[in-house]
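With the hints as extra help, turn the sequences into a complete structure.
The chain contents come next:
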Amino acid sequence: MRYSALALLRGALSGHRNWPPAWRSPEPKPQYDVVIVGGGGHGLASAYYLAKNHGITNVAVLERGWLGGGNTGRNTTVVRSNYLYPESARLYDFSLRLYEGLARELNFNVMLSQRGHLMLAHSRHDLESMSRWANTMAMHGIDAQLLTREQVGAMVPALDLSAGARYPVLGAFMQPRAGTARHDAVAWGYARGADHLGVDIIQNCAVTGFVTDANGHVTGVDTSRGRIRTARVGIAAAGHSSVLAKLAGFRLPVTSYALQAMVTEPLKPRLDTVVISPGTGAYVSQSDKGEMVIGASLDLFPSYAQRGSFGVLQGVVAATLAMFPSFSRLRLMRQWAGIVDVVHDSSPIIGPTPVPGLYINCGWGTGGFKAIPVGGWTLAHVLATGRNHELAEAFQLERFVTGRLIDEAAASGIAH
Amino acid sequence: MMQLSCPWCGLRDETEFACGGTTHLERPPLAATDADWGHYLFFRDNPKGVHLERWRHAWGCGQWFNVARDTVTHDVLAVYRMGDPPPRLGA
Ligand SMILES: Cc1cc2nc3c(=O)[nH]c(=O)nc-3n(C[C@H](O)[C@H](O)[C@H](O)COP(=O)(O)OP(=O)(O)OC[C@H]3O[C@@H](n4cnc5c(N)ncnc54)[C@H](O)[C@@H]3O)c2cc1C
Ligand SMILES: [Zn+2]
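Protein chains in written order, with the working numbering: chain A, 3 to 418; chain B, 1261 to 1351.
Some hints could be false.
[What the hints assert, rightly or not] Derived Cβ-Cβ restraints for the label pairs, each shown as a range:
#1 B/M1261 with A/N55: 44 to 50 Å
#2 A/G405 with B/E1286: 18 to 24 Å
#3 B/G1320 with A/G317: 16 to 22 Å
#4 B/G1320 with A/A24: 49 to 55 Å
#5 A/Q316 with B/V1332: 22 to 28 Å
#6 B/V1336 with A/G405: 33 to 39 Å
[What the hints assert, rightly or not] Under the rule of at most 20 Å between Cα atoms (straight-line distance), these lysine to aspartate or glutamate pairs were calculated in the DMTMM-like manner:
#7 A/K54 with A/D35
#8 B/K1308 with B/D1330
#9 A/K248 with B/D1305
#10 A/K248 with A/D224
#11 A/K291 with A/D186
#12 A/K270 with A/D162
#13 A/K248 with B/E1313
#14 A/K248 with B/D1296
#15 A/K248 with B/D1330
#16 A/K270 with A/E293
#17 A/K270 with A/D290
#18 A/K291 with A/D274
[Claimed, not checked] Coverage of chain A stretches by chain B, computed from C-beta distances (three or more under 8 Å per stretch; other residues unrestricted):
#19 242–249
#20 254–262
#21 301–315
#22 398–412
Source of the hints: derived by calculation from the structure; they are not laboratory data. C-beta atoms are modelled at their ideal positions from N, C-alpha and C, and glycine is treated no differently.
In structure tokens form, the structure reads like this:
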């Protein structure tokens, strides 16, 4: 059914007891044209665009847990396109533009809030590299602005700009079109959209192996719910990419790390933009519910445990309070971590793998929520046509052999 | 907080250490192909389970050492010196 004000009114008349499920929960069929492994944002968006852009609807998304239970439902929801190199600028801005129309496209409110994103400069050197960055973005036609210390103070009155501040703020670099979106809604919206176009979304179904023919071409996947035949598979499993690659017999240039975040108890509106301090390793925004959403830097040792370590937690809380002393009385309500797939140049991999018929979308590391629309768009393209989408051409696995890396370590937000 | 046992200083909090990633990597000869060199530099097993890795007691004695650690439970299964062969871990 289409969601609308009228539907809401009709729902209200029956006490909101008769809303149909947003997607079906079918039994897996024995054969699909395409199987997507991973029901996070990237997997679900890939299925949606396979159906929508390419008319391929005999598609299954296999998710070992629940939709968005991976990083998509654990992230701090910042969307932006302030990347440095032209390849990344085009990729991430395409994604942001899709986000700008996403609620209408999916008929699902993804609560995109373009409240702006401020990166604080704590030194002259920060200011200089930020002006280079802002100028580069302007050359790519992407909105970017440098703010003086006074402008930062006017925009973020809660920020400590006093003479005694632990980390002096000299200015900031801002992308006005950046902001936040609701993470669950992005996963659910794509799931509902894909389901309506005929895609089977199958939860509690873990992929446990890949089946290949004599030529090494994929012919199916083994799952916890039996074997499914298919000639094309797309993996979008974030922190578990290496585990799936191993099942298929190859390795990736990926290391899995825990990335943590936390929220405080809700309070009245206090912060209407996203503030990040790359130097101290913390970033903060306020959710629509009023919670302060605080993101940390990586726990810098390999991990598949979805919990963060106390040392990093302590550091990020200290950094946040140095920026916002008035938050010191807030209680933390929840703290959690997701397992992110970090590559050496902090740029994604979207394309073929050494196994014919098997494609992968990974390497987004700490920053792939903003890229869900473009990650789905480009993975769907290569799955449907066998050719890389031009936006994804530079983001191939082979760059780790040719050496043509696209080092976005700075733009990926928090130092790692 | 995870704790690691430095072979020289004993049991200390994780915050005193820096992880240097996978250990026992062998540098290929200079005549290696681009593919072999790329794999040596960037491609890793990244196991979900036991990982053999090197750590440095960065905010302590400064020494490097090897650790066998489970990446799911964070249990430390063995600590051994640089240059020692990989430990035989009970199945
Ligand atoms: C704390 C935190 C904060 C973050 N903040 C931001 C941010 O502010 N902005 C931003 O852009 N990005 C952010 N990110 C990164 C972002 O969350 C991820 O890059 C993005 O969500 C990845 O989406 P995905 O669909 O690829 O992966 P996921 O959402 O992790 O989905 C992968 C799915 O694959 C499933 N899976 C794994 N193995 C199997 C198997 N064998 N069979 C079947 N299914 C399997 C998993 O259960 C999981 O649901 C953050 C991440 C974390 C952890
Ligand atoms: Zn020591």
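*Hints broken by the structure, by number, lowest first?*
When the structure is compared with the hints, none of them turns out to be violated.
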